[in-house]
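Residue-level listing of the chains:
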Amino acid sequence: MAEIKEYNHERPGGQPSNDWAAYASTVKRHPLRKPVALKQTLTEITGPVFTNGWTGPQTTDLTKQHKAEPIGERMILAGRILDEDGKPVPHTLVEIWQANSAGRYVHPGDSHPAPLDPNFTGRGDIVTNDKGEFRFLSVIPGAYPWRNTYNAWRAKHVHFSVFGPAFATRIITQMYFPGDPLLDLDPIYNAVPDEAARKRLISAYDPNLSEAEWALGYRFDIVLRGRSATPVGI
Amino acid sequence: MSSNQKLIPSATQTAGPFFHFGLIRPEWADLTSGGKAQGEKISLEGRVTDGDGAPLPDAIVEIWQANATGKYEHPEDAQDKPVDKNFRGFGRAFTDKGGVFRFSTVKPGPVPGRGNALQAPHIAVTLAARGLLHHLFTRVYFAGEALNKTDPVLSSIEDPVAQKTLIAEPKGKTNGSAVWRFDIVLQGKGETVFFDF
Numbered sequence: 000m001a002e003i004k005e006y007n008h009e010r011p012g013g014q015p016s017n018d019w020a021a022y023a024s025t026v027k028r029h030p031l032r033k034p035v036a037l038k039q040t041l042t043e044i045t046g047p048v049f050t051n052g053w054t055g056p057q058t059t060d061l062t063k064q065h066k067a068e069p070i071g072e073r074m075i076l077a078g079r080i081l082d083e084d085g086k087p088v089p090h091t092l093v094e095i096w097q098a099n100s101a102g103r104y105v106h107p108g109d110s111h112p113a114p115l116d117p118n119f120t121g122r123g124d125i126v127t128n129d130k131g132e133f134r135f136l137s138v139i140p141g142a143y144p145w146r147n148t149y150n151a152w153r154a155k156h157v158h159f160s161v162f163g164p165a166f167a168t169r170i171i172t173q174m175y176f177p178g179d180p181l182l183d184l185d186p187i188y189n190a191v192p193d194e195a196a197r198k199r200l201i202s203a204y205d206p207n208l209s210e211a212e213w214a215l216g217y218r219f220d221i222v223l224r225g226r227s228a229t230p231v232g233i
Numbered sequence: 000m001s002s003n004q005k006l007i008p009s010a011t012q013t014a015g016p017f018f019h020f021g022l023i024r025p026e027w028a029d030l031t032s033g034g035k036a037q038g039e040k041i042s043l044e045g046r047v048t049d050g051d052g053a054p055l056p057d058a059i060v061e062i063w064q065a066n067a068t069g070k071y072e073h074p075e076d077a078q079d080k081p082v083d084k085n086f087r088g089f090g091r092a093f094t095d096k097g098g099v100f101r102f103s104t105v106k107p108g109p110v111p112g113r114g115n116a117l118q119a120p121h122i123a124v125t126l127a128a129r130g131l132l133h134h135l136f137t138r139v140y141f142a143g144e145a146l147n148k149t150d151p152v153l154s155s156i157e158d159p160v161a162q163k164t165l166i167a168e169p170k171g172k173t174n175g176s177a178v179w180r181f182d183i184v185l186q187g188k189g190e191t192v193f194f195d196f
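Going down the list, the protein sequences come from chains A and B. Last residue of the first sequence? That's 233 in numbering that gives the first Met the number 0, and every number before it is there in order. Last residue of the second sequence? That's 196 in numbering that gives the first Met the number 0, and every number before it is there in order.
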């Protein structure tokens, strides 16, 4: 008999709805029907395991992927992957990608006339340690225009992809920067209804993480769905 | 611990259109370690379209499945079945300009459901893209499987038209592998069934 320790369901207001016309790309892409409630099974409470090194070498220093250093404010980006009970999530894959300091992505689809930086790709990945920690060295990404509405600009952000222990905990999200005046105007950030949940997506400047004469420190924790204490059977 | 003492979970945000260079792992579209995995090799492919029927050239499709014997490589799968070291069970592919994704994998074996139920062979899917603030979950089942009739998830979808959106259809062979076609419609006519759990 298979016992299932379920992952917690999403809290009201804690997640964005795909039906969010302020972000124009959602209009033709969001499903019209409500999702069907599925009782979690072994399929949903399992997921890829990253303890065995199969994801290959890690890239944690985004300033050393080319001949010279990228232009921009050097940033140490560190944090932990936690569950809702504050327990660290060890040995899980964290992938990041971002624009360069001028707000331009190394992507053929990005037509923003800001310079590419020959010394910056903007991708990194790491498997969290025993304490659920990750740490990257990068540069602060620039803001960039997008055509969602006239003269719209995305708040500065770093994209995060995180797995956690199960298929149910997989998330893709974005990290923002404290004090960014574009946040209030950003429909992607503001798609999260609950204010406290929105604020969780803003990193904190941490002077203790900054390194003198070297780099600014930003701290960012990601909290994944926790799970119920008692297994449901059957 | 009461629920209000718990930490607030992180919200999802869209992957945007420019994820390719960040998430690229071309080898992850082949779950078979170059054909070494045990079991029946299949090609799982399909097209992702929007509410206008237009293909999505910028979607990330990820899959998670049991191996050919119905075992997940995960500490919480306590079944007495062998793990296949050539099969991790996880895959990632991007859609191309025509909205098409493609995985080389194996047909999964049946896995336990809740209680004494047995689940029909299936593959769990997440889909992320520009325009999706939250990834979508769906499942791929295989046409003609006897267990489909009693699968708890599949049989919970009463509308036969909706149920059909979860069932991949055989479409011949490529390089000796059976091709299973699974199109994903995000919106409107023929909209795929998505799950919440």
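The hints are simulated quantities; they were obtained by calculation from the structure and are not laboratory data. Since the structure is predicted, the reported quantities are computational estimates derived from the model, not experimental observations. A hint or two may mislead.
[As the list claims (entries may be wrong)] Keeping only pairs whose Cα atoms sit at most 25 Å apart, straight-line, the calculated DSS-like set for lysine-lysine is:
1. K63/A with K4/A
2. K163/B with K38/A
3. K163/B with K27/A
4. K163/B with K86/A
* Holds or violated: are the alpha carbons of K163/B and K38/A at most 25 Å from each other? -> It holds: about 20 Å lies between the C-alpha atoms, which stays within 25 Å.
* Taking only the CA atoms, is the gap from K163/B to K27/A under or equal to 25 Å? -> holds, 22 Å
* **K163/B paired with K86/A [C-alpha distance capped at 25 Å]** => Measuring from Cα to Cα gives roughly 40 Å; hence the hint is violated.
* Would the pair K63/A and K4/A pass a check requiring their Cα atoms to be no farther apart than 25 Å? -> violated, 42 Å
Checked against the numbered hints listed earlier, the structure breaks hints 1 and 4; every other hint is satisfied.
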